[in-house]
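Chemist: Please build the complete structure, drawing on both the sequences and the hints.
Protein chains in written order, with this note's numbering: chain C, 1 to 394; chain A, 1 to 71; chain P, 1 to 375; chain S, 1 to 478.
Worth double-checking, as some hints may not be accurate.
In silico SDA-like links for lysine to any residue, alpha-carbon gap of 25 Å or less [as the list claims (entries may be wrong)]:
#1 C:Lys95 with S:Leu321
#2 P:Lys42 with C:Leu126
#3 P:Lys42 with C:Glu25
#4 P:Lys42 with C:Asp116
#5 C:Lys353 with P:Gly187
#6 S:Lys458 with P:Ser17
#7 P:Lys193 with C:Arg346
#8 P:Lys10 with S:Phe230
#9 P:Lys10 with S:Arg201
#10 P:Lys14 with S:Pro194
#11 S:Lys458 with P:Gly187
#12 P:Lys42 with A:Arg24
#13 C:Lys354 with P:Asn186
#14 A:Lys28 with P:Lys309
#15 P:Lys309 with A:Pro16
#16 P:Lys309 with A:Arg24
If you are wondering where the hints come from, they were derived from the structure by calculation, not from laboratory data.
Listed below, chain by chain, are the residues.
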Amino acid sequence: MRVRRCWGWLLSLLLLGTGCWSRREVNEVAISSAIAIDEERNQTIRITMQILRPTAAVESGQPRSGTFNVTATGPTTAAAIRNLDQQLSRRPEWKHNNAIILSENVARQGVGEIMDFFMRNHQSRLDQWILVTRGKAAAVLVPRFQLESNQGIGIRRLNQSAVHSTAATVPVRLYDFVTSLTNPAEDPVAAAIETVEFPDPSGEGEVNPRIRMRGAAVFQHDRLAGWLDETEARSLDWFRGEATGAMVVVPCRKGPGRGTSVQLISTRSSLQPYWKNGQPAVRATVRATGQLGDLMCQEDLSKHEALVDLQRRTAAQMEAEMAKLMHRLQKDLGSDAVGLGVALERTFPAAWKKMSPQWREIFPKVSVTPEVVVELTQMGTSEGKLISSGGGGK
Amino acid sequence: MMILGLLLLAVATGLPDLAALVRRGRRKEAAVVICALLIGFLAALSWVMHLPVPTIGATLQWLATPILGKQ
Amino acid sequence: MHGRRCKLHKEVGKVSSAQAVYTVVLAIIGSATLIVPGSMIKVAAQDAWIGCLVAGFGTLVTGALWLWLARQWPGRDLFQLVLAAGGQWLGGLVAVVLLIWIGLTLTGATWIGADAILVVFLPETPRSVLAASILIPAAYAARSDYQVVARLSQLTFWGMVGLLLVLIPLSATEMEPLRLAPVLANGFGPVMKGAGVLVGILTENMALIALLPMIRPPVRPWRLLVAVTVLAAGMVLLLDVWTVSVIGARLPGRFQYPVLLMAHVIGVGDILERLDALMMALWIAGEVSKIAFWYWLFCRGIATLLRLKEWRRLVWPFFILLLAASVAWVESSTAYPAALRAWSALFTPVIGLVVPLLLLAATAVRRMQRSSASV
Amino acid sequence: MHRTAQEQPLPADLSRTERLIRDRLAPCGDVVLRPFTAEGVPGMKSLIVYCNSMVDGQLIDEQALQALLLRMQSGPAALSSDPADPPTGTPSPTMTLRQAVTEILAGNLLLLVEGRTGAVVFRLERKLGRGITEPVVEGTIRGPREGFVEDPEANITLIRRRLQTPSFRLEWMRVGEQTTTPIALLYLDGVADPRVVRRARLRVRRIRIDAVLDSGYVEELIEDAPYSPFPTVAHTERPDRVAAGLLEGQVALVTSGSPQVLLVPTVLVQLLHSPEDYYERYMIGTATRVLRLLGAFLALTLPSFYVAVTTYHHEMIPAPLFQAIAAQREGVPWPAVMEAFLMEIAFELLREAGIRLPRPVGQAVSIIGGLVIGEAAIRARIASAGMIIIVATTGIASYAVPAYNLSVSLRLIRFPLMLMAAVLGLHGVVVGLLLLLIHLLSLRSFGVPYLSPIMPPKPQHWGDVIFRAPWWKMGGRQ
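Modeler: And the structure:
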């Protein structure tokens with residue numbers, strides 16, 4: 001009698017609220033893989049969403065691409081996304097969205113409010129990637145990835161490769177981006193992405209646009225402050241300790257030669273603030289381990305001293321790049337993308353409380369001394385210097 | 001529709017116990033059960049019909065104003 | 001001698017001390033694990049964990065008062081104790097106040113449980129259905145008496161500890177102990193406010209009195225009280241430290257349920273995407289254990305107060321009343337913290353200090369009358 | 001008057017006794033009453049009564065009866081201690097009419113002698129029944145192949161041979177007005193909890209039913225929670241499983257005419273263990289047991305998880321898989337839960353058909369049926385491929401549960417769980433499992449909590465719940 005009653009009023013409960021709320025069948029949903037946000041005149045927001053066509057993956061038939069783009073405008077982000085419903089037979093769903101691409105003019109106007117929707121909505125996941133592009137953001141969704149089925153996965157793979165191998169950009173997730181947005185002591189950074197026209201190598205002249213991730217976009221609070229090129233982005237990665245891999249080309253010690261390339265495998269960095277005669281100063285220590293990529297110099301690395309010297313020169317090269325970046329950030333862009341403010345707040349909370357109102361003025365005067373230690377673990381399979389090029393060797 | 005559901009819920013939760021109590025002749029418990037069901041049903045009805053009954057949170061805050069001061 | 005042995009021993013009545021501790025701990029922090037860490041961090045930022053220590057010691061004092069009272073009237077559960085100590089009128093009044101407090105705690109916990117599921121998982125489901133889906137298992141457990149509630153609480157507590165033992169190492173990569181760094185950066189003010197949030201909830205450790213007569217002897221009440229308060233405050237402290245070190249002290253301020261947000265953050269580490277389901281399951285189990293205990297105490301209280309013999313028959317008839325109350329607790333999630341603060345401001349001093357002292361005084365007066373009468 | 005006549009011992013006067021028995025049993029048609037006189041003893045009139053469809057004709061030995069009569073004439077029937085003497089009778093002077101009727105119908109021969117009250121009983125039951133074969137349902141790869149048969153004595157012999165200990169206790173009881181089926185209650189003194197034994201004995205005694213044709217009747221009448229889908233009484237065809245149960249403190253009930261022996265009290269954990277875990281080495285035993293527990297959990301929750309995740313929590317499925325599922329479900333007209341119900345019911349129908357048909361045909365039907373229906377359902381857009389896989393896996397997983405009655409109850413509970421998954425998604429499933437857990441926690445089998453070694457916790461037995469501790473670790477301290 002006990003159990004029967006328990007199922008009795010459970011069913012009566014179902015009667016109370018017939019139907020199943022917030023229920024969305026798998027085939028009543030339009031899956032979004034990437035979202036691009038542009039800004040039209042008088043501040044209306046244009047949302048372009050790349051929707052996956054599930055059946056395309058199954059039916060062979062005529063070669064229909066697996067995705068199509070849908071675009072709509074609205075006064076706010078949420079309104080714009082809701083307006084997408086007018087064109088879609090199914091309700092759009094961004095639970096599987098991989099990337100959010102912001103156009104330059106959106107970034108310049110300020111991204112604070114736009115991000116609010118993605119933090120509030122229960123559908124958006126925190127591990128989406130945030131990117132900024134120079135031209136129109138919708139343009140990034142047009143080119144077809146050769147290796148991937150849609151833009152979302154393509155961008156995700158590009159970001160992951162940026163972290164592990166090239167470090168040509170500063171990969172940032174929605175969660176990190178919003179944390180730095182909410183923290184007054186920190187200025188956000190985002191990866192830069194662009195569409196590039198490559199003439200088709202087979203020469204038929206059919207130009208197919210490709211997507212490339214290079215450089216980064218640096219913000220001042222929530223407004224775009226400026227762009228960093230590839231090498232600056234890489235040194236920013238070393239400051240923040242985000243990327244693990246990078247390819248550092250070190251000029252030859254003497255004589256002609258293109259240089260020695262060192263592939264970094266893992267980098268760990270930390271910022272230690274200290275006081276130097278009354279002014280805040282920060283020591284940025286980076287410990288990197290790497291291996292020799294190739295040797296296009298006349299040197300002979302078979303001896304240990306040459307190896308130690310190469311390690312020192314690589315470290316010096318990295319320190320120089322990092323110093324150049326700091327100069328550009330402090331003098332031209334005025335954006336604390338490196339996170340000096342966060343380090344100061346953590347180690348000297350009392351001092352930081354007094355400094356924070358004038359941080360914009362103090363920041364350019366903070367002296368940052370990068371200290372890099374590089375350790376080359378292995379020289380690859382060939383040993384010392386094998387092939388001498390040009391003048392028939394010594 | 002909701003009211004029907006409420007009625008069904010009241011019957012499903014209250015009736016078996018009430019019947020058992022009446023059968024065993026426990027009038028006092030039966031009385032308590034009946035007023036529990038009645039008050040419950042009225043409270044649920046007032047919520048379903050959106051009658052202007054103040055919520056518990058509001059009454060608590062009103063009572064706590066001397067202690068916490070105006071929020 | 002090896003081999004098989006008799007595994008099937010007849011059930012021993014009552015509850016073991018360990019089960020009683022787990023039951024009371026979950027009765028305190030069952031629903032608190034959802035909102036308390038968040039609201040404490042909002043108020044006390046990264047020093048929230050110090051608030052837990054302060055609240056812990058504070059409620060040890062109130063618990064001690066209740067225990068001292070219980071020792072004067074051995075062998076009685078909470079409501080029998082109150083009626084015996086306070087006599088007909090005072091006891092009755094105090095019992096009614098206790099019943100109202102238990103009812104509010106019960107319905108408040110149901111509301112927050114339903115709201116957590118609504119906000120994070122099922123945005124379009126009506127709140128009443130979610131509240132009912134949490135209240136039904138709790139009523140079913142309450143109906144099958146305190147032993148089932150105790151066992152459910154024990155399983156849930158082990159589950160929660162197990163889950164945290166899995167989650168914390170997993171989130172080690174995201175963890176930044178330095179975020180706790182500026183300790184007491186802005187003095188004791190916020191810490192006390194943070195402690196205030198928790199004290200209101202930790203005063204529920206006097207629920208131990210309701211279970212004292214149900215524990216298998218030997219019963220050591222003082223040790224149980226300390227264990228309950230330390231475990232409850234310790235669990236909230238662990239959650240505070242963990243939340244602050246993973247997502248910093250600023251972000252939880254902006255989220256309603258930071259602890260559920262952690263599942264996403266840990267998922268961000270691409271380690272385990274499916275953590276939310278596991279975390280949700282245990283949070284609902286914690287919710288149901290808490291509500292089941294208070295529902296059981298509520299019905300027994302009414303039975304003791306009105307001198308009814310059958311308390312089991314009261315469980316289901318009160319279902320509709322409690323469901324309506326829990327749905328009508330607050331209008332929206334933003335109003336909940338203010339209501340919770342009002343609830344704890346109103347009831348913490350009353351339940352924690354006024355009631356025990358009043359009853360102790362009444363006992364003393366009664367003792368003097370009896371001794372003067374017998375002389 | 002009629003009642004008292006039943007209770008008094010049979011009168012000395014032979015003719016009255018004959019009349020009593022004749023009007024009681026003559027209408028049966030197969031009961032024979034034959035006057036019997038020994039040559040050497042003209043004065044001794046006596047009467048033989050037996051039921052010839054129960055008694056083995058060849059065993060009736062005239063000479064032995066006459067020799068007995070001779071001895072009885074000299075003095076009170078001295079029981080011949082000479083073993084050479086074939087079927088000696090057991091005299092019972094105080095036998096009442098009702099006992100006499102029961103004995104006759106049980107296949108014994110009664111010798112009534114003039115001038116002596118009561119009767120002498122000769123056991124001449126015709127022994128027929130099938131030989132000891134391998135149990136059909138509970139087969140195992142390793143371990144004894146003997147299965148019980150219908151004859152209770154044979155079953156008890158199979159058990160007794162495995163437990164040659166003085167602490168073995170056997171009590172016979174009779175149940176059922178019409179059938180008076182003998183039921184044997186077996187337990188090990190000192191191992192089984194005396195209170196449990198007393199409760200079992202009491203419950204069997206209190207059975208008021210007209211016929212007991214199989215141990216299933218007894219199971220239903222003595223079980224603890226008739227309203228719970230979970231079985232609190234286990235039944236098995238394996239003598240080694242019964243021996244193991246007795247060693248673990250269970251009480252066995254052997255019902256005459258039924259190859260299933262009941263084991264009470266039974267807890268959930270025992271239903272999930274198979275005797276094979278203890279015959280294989282502990283590592284293999286543990287591995288198969290963990291697999292079985294996983295199978296049981298999947299059989300209960302897999303379809304509802306799938307329905308909940310595909311209907312509500314899309315973010316919990318990795319993107320490529322989600323895309324694939326979306327593609328598969330493209331043409332399916334009804335929601336995931338309807339599709340799940342349809343497929344589950346189809347699978348259950350197939351399973352039931354497989355059992356009902358004769359063995360070779362049955363096997364073929366269930367396998368081919370499954371494949372054909374699955375394939376056709378996908379092509380006809382009735383169900384998606386993902387759902388077919390889920391349903392098939394659930395079906396196979398439910399076979400992993402050793403106790404058939406538990407696997408059926410798990411399959412039954414799956415349907416309400418699916419309904420809750422459809423209404424409240426994963427939250428509904430969690431609430432459903434919570435309700436189930438609370439129900440299990442409140443369940444008791446003969447006073448023993450149903451989730452016994454786990455909750456209330458008995459750490460000394462935890463070695464044998466999920467894992468099977470090696471023997472040298474099992475049962476160290478008491």
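Chemist: Does Lys42 (chain P) pair with Arg24 (chain A) here, judged by a C-alpha cut-off of 25 Å?
Modeler: 55 Å, violated
Chemist: Going straight from one Cα to the other, do Lys458 (chain S) and Ser17 (chain P) come out at no more than 25 Å?
Modeler: 14 Å, holds
Chemist: Does Pro16 (chain A) sit within 25 Å of Lys309 (chain P), going by the straight-line distance between their CA atoms?
Modeler: Measuring from Cα to Cα gives roughly 18 Å; hence the hint holds.
Chemist: Under the criterion that the straight-line Cα-Cα distance not exceed 25 Å, is the pair Lys28 (chain A), Lys309 (chain P) satisfied?
Modeler: 9 Å, holds
Chemist: So if I understand the rule, the pair passes when the alpha-carbon distance is 25 Å or less; does Lys42 (chain P) with Glu25 (chain C) pass?
Modeler: Measuring from Cα to Cα gives roughly 38 Å; hence the hint is violated.
Chemist: Would you mind confirming whether the straight-line C-alpha gap from Lys193 (chain P) to Arg346 (chain C) stays at or under 25 Å?
Modeler: 23 Å, holds
Chemist: Does Lys458 (chain S) pair with Gly187 (chain P) here, judged by a C-alpha cut-off of 25 Å?
Modeler: Violated - the C-alpha atoms of Gly187 (chain P) and Lys458 (chain S) are around 49 Å apart, more than 25 Å.
Chemist: Take a quick look at whether Lys10 (chain P) and Arg201 (chain S) sit within 25 Å of each other, Cα to Cα.
Modeler: 16 Å, holds
Chemist: Given the hinted pair Lys309 (chain P) and Arg24 (chain A), is their alpha-carbon gap at most 25 Å?
Modeler: 12 Å, holds
Chemist: Given the hinted pair Lys42 (chain P) and Leu126 (chain C), is their Cα-Cα distance within 25 Å?
Modeler: At roughly 21 Å apart (the allowed maximum being 25 Å), Leu126 (chain C) and Lys42 (chain P) satisfy the hint.
Chemist: So if I understand the rule, the pair passes when the alpha-carbon distance is 25 Å or less; does Lys42 (chain P) with Asp116 (chain C) pass?
Modeler: 19 Å, holds
Chemist: When you check the alpha-carbon spacing of Lys353 (chain C) and Gly187 (chain P), does it fall within 25 Å?
Modeler: Holds, because 13 Å separates the two Cα atoms, which is no more than 25 Å.
When the structure is compared with the earlier hints, violations turn up for hints 3, 11 and 12 and for no others.
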